[in-house]
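K.L.:
Single-letter residue listing:
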Amino acid sequence: MTNTREITLTVNGTERSTEVEPRRLLVHAIREDLDLTGTHIGCDTGNCGACTVLVDGEPIKSCLMFAAQADGSEVMTVEGMEDLPESDGLHPLQEGFHEEHGLQCGYCTPGMLMAGKALLDENPDPDEAEIREAISGNLCRCTGYQNIVKSIEYAADKLAAQPAADGGTVAIDGDAGPAAAGSAADGPEPFEGYEVDGEFTCGAENCCGGPATDAEHTGGDNV
Amino acid sequence: MKAANFEHHEPTSVSKAVSLLESLEEPTILSGGQSLVPMLRFRLARPDTVVDINGIDELDYLHEEGGYLKIGALARHADVEDSELIEERYGSFADTVPLVADPQIRNRGTIVGSVAQADPKGDWGSVLIAHDGEVVATGPDGERTVPIDELFLLPYDTSLDEDELITEARVPIPVEREGSAYHKLKRKTGDYAMAGVAARLIFDDDGRIEDAGIGMTAVDITNVRASDAEERLGGERPDPELFAEAGELAAEQSNPESDEHGDASYKERMVEVLTQRALGDAAERAGVIKRRVSP
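Chain order of the listed sequences is A and B. Read in order, the letters of the first sequence are residues 793 to 1015 in my numbering. Read in order, the letters of the second sequence are residues 9 to 303 in my numbering.
It should be emphasised that the hints constitute simulated quantities derived from the structure, not laboratory data. Here a beta-carbon is modelled for each residue, glycine too, at the ideal position from N, C-alpha and C. Keep in mind that a hint or two might mislead.
[What the hints assert, rightly or not] Under the rule of at most 30 angstroms between Cα atoms (straight-line distance), these lysine-lysine pairs were calculated in the DSBU-like manner: (1) A:Lys942 x B:Lys194; (2) A:Lys942 x B:Lys196; (3) B:Lys196 x B:Lys10; (4) B:Lys78 x B:Lys129.
[What the hints assert, rightly or not] Short, incomplete list of chain A residues facing chain B, as computed with Cβ under 7 angstroms: (5) Arg815; (6) Leu856; (7) Ala860; (8) Ser928; (9) Gly929.
Looking at chain B on its own, in the form it has when it is part of the complex (with noise of 0.2 angstroms):
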């Protein structure tokens, strides 16, 4: 089916794009396109205008400043796997752009565009709640963050307003001693989640975890927090056992539904074991321990 007609703009500055969007009633917001272009084909969305922000140059970049890690609104899947940066010092980023549809989509879909999608199966979501992301929203009003646990309300829902744009989502530089890791369990190459967990653990001088940060994929009505087993795990030495404890918490706080692929008890198992997985990875990238702890 095609989309329904709409009127296409193209800003080319921030500035243009905000006073579009305030201009213009209900205006939906392009960039990479992967998933809005087949919801507009299927006409699960029908604007009567779209704004594409692919234009804004001002938007495309992936880099450290300021004490954060910056990805601008245009910054695609493949620049976070073509970075040198992520590949040495962001494990659970480095984890999940493979992980993310496949090499096509990857070259023009985005990771705000994804965060901005509020999908619950989507990856990064989960990403910036382990690493406690915000994202940069730019209205009429000029900038503010938003804290990703403020982030998402329901599924393709976000606590945005109208004439607000995600500009940017950040996490904070990696400190020593800390480590991250993302793991998904899918059907197929380059599916969406049946479950997911992104983990990111830092530790002090002594080797007890100092925080513990847990994101999880496609068991909720959102990406959620798993803060029960971050709360179990702050103070502690990484052991497999604590890391299993860790897991079993955070599967009683999903919720996620039975479907074809599987029943809620399956996916809550495969929660757990993602997440032990994910917090032994973690703590071995953190570098305190050699191999993993986890099955």
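Bound-form chain A, shown alone (with noise of 0.2 angstroms):
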């Protein structure tokens, strides 16, 4: 049984259509077919929040859609980030994650930075309980979130001070094409001074494998 259909998606400011069986998931259409690899997978089960995205500005889980059901809507990728109107270069967000080192080792960050702009654009000004909340369906394998939750704080302060821009729109003109996918799109680049070779490794046993590692992390506020 083969029977695809033409989505058409307006990615990034961009209309982009591709050619899709109905069991593709969305998030395979925007890293395969439409070369946006800055989304990441991480779990595959719905758990981790690397394949985080907006779709008509709100955040959903990327392997938990069917790429067919996002047809005619407009898809907000990592990689449109740079092209917002409060962005210089890098968006304060991703520049608040490079400030307060909420990148680690980076797997998570695409999705980080998704769930944070969904927040910042709803609620210009969180206390840390709703930073958590928002990034609550995000995990983070290095365990980073003490500078994730700080870099989100850096990005609001700094939004704040910025002359009102209209809220974050994505801009229409922006090249959001494939070429766009900057640096913060397909992991970070290694600092200064900082050399990477090899396979990244944290150490952790099975630390990638998600969720089912929590079972020996039970937290005290559970009741």
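Put the two chains together into one complex, using the hints given.
P.N.:
Structure representation (structure tokens):
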């Protein structure tokens, strides 16, 4: 049974069309058909949030939605951030992740950025609890949440200090095609004096297995 | 893993959806998809056809009408979260929604889809039980209502016919001196319940409990009603000892399984505690007690 259909998405302000099978997930269409590899795939089961993108302005997990369901929607991926009016090269959120060391290994970063973007669009001055709630669907395998929270706080402060931007709509004239996939999209640049060679391991056994490893982490605030 | 291939249908009205369900062999209904998509990908479900109801705008509502709070099949968890009506008058709903998964999932997942999924760990089934709710099933012969107690048969199995679609879930609009709450034990933020209890109390003019509803999550093969506890509460005035007794009765009626997160006796004890807390909050919200009488 081969049944494909053409879908049209407005991705980061640019209209893009592609043929998909009904079973094709949005995340695969974004990464493989549209060649926007900034959106990551982590757990593959809807737990980790690495694949978070905005569909019509709302954060969703693109591994839990079929591409066909997004037909006609506006999709924003991490590649679109640099074209936002409030961005000066980097978006304040991206800058915050750099300044506050929210990047760590960088794998969860695109999802964290999109979750953070959705939060700040709705609530420009979130407190720490609200930030933690907003990224509660995003796992960081380095468990670097503290710095991620600081990074989002940094962005909130920076945005508040900026002259009124238009709230973050995607610049229509931006070149958001594959060529625009900047450094933040394909993983962080190594820091100066810090060489990345070979495969990154954090040392924890099965650390990228996602929630299965959470059995050990019983929090104190459960009840 | 990719889902097995399927035909994707996108009806734009309930009547078209129902005629599709009637004509197709064993179709699967896709609404929010936050549970179904992983099931398709793990090939726990392998339908030839998927009927995607997301384009049926007439099912996208959440409002009070005709004596009920009506939740259309496309109302997302996030719609409940954003609703002032819910925040003001439906304590159990307001308690439940932030406990459902995470913000991204709540943007897509639906309350009705969660109920239709009939996962014993689903939170909304217990809330509907506590509120004596019902679902509206629409099929080739039109609409019928199914009391929530008659819906859940087994895990992931309901009493609906194959060509029926749940178009709405509803609960009676709260009366005066009514309060409700939901408490849930989970391992981590956004997780499924290890145990959960929804409670709803209605008091008479005299401050006695006129009606009690208690639904339990994840402690039996389906969401279940704690009917012995409900009965014990009837006609009584709220007090900590009474709620403790109700908790014990709920625990006795629960039937949890031991697993890697805790053994059955631990979960029963949790049912006891969660029941007391939910009853305490419900009584407080009904305005009959000033402070929580629960531990």
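K.L.:
For Lys78 (chain B) and Lys129 (chain B), compute the direct alpha-carbon distance and say whether it is at most 30 angstroms.
P.N.:
Judged against 30 angstroms, a Cα distance of about 23 angstroms means the pair holds.
K.L.:
Can we keep the Ala860 (chain A) interface hint, with Cβ of chain B closer than 7 angstroms?
P.N.:
Holds - the Cβ of Ala860 (chain A) comes within 7 angstroms of chain B, reaching about 6 angstroms at its closest.
K.L.:
Should the hint that Ser928 (chain A) touches chain B count as held when the rule is a Cβ pair under 7 angstroms?
P.N.:
holds (5 angstroms)
K.L.:
With a cut-off of 30 angstroms on the C-alpha distance, tell me whether Lys942 (chain A) and Lys196 (chain B) pass.
P.N.:
holds (22 angstroms)
K.L.:
At a threshold of 7 angstroms, is the proposed contact between Gly929 (chain A) and chain B supported by beta-carbon distances?
P.N.:
holds (3 angstroms)
K.L.:
Tell me if the straight-line CA distance from Lys942 (chain A) to Lys194 (chain B) falls inside 30 angstroms.
P.N.:
OK: Lys942 (chain A) and Lys194 (chain B) at ~27 angstroms, within 30 angstroms.
K.L.:
For Lys196 (chain B) and Lys10 (chain B), compute the direct alpha-carbon distance and say whether it is at most 30 angstroms.
P.N.:
Holds, at about 28 angstroms.
K.L.:
Identify whether the interface hint at Leu856 (chain A) stands, where standing means a beta carbon of chain B within less than 7 angstroms of its own.
P.N.:
OK, holds: Leu856 (chain A) within 7 angstroms of chain B, min 5 angstroms.
K.L.:
Regarding the hint that Arg815 (chain A) lies at the interface with chain B, is the smallest CB-CB distance below 7 angstroms?
P.N.:
Holds. Min distance 4 angstroms.
Checked against the numbered hints above, the structure breaks none of them.
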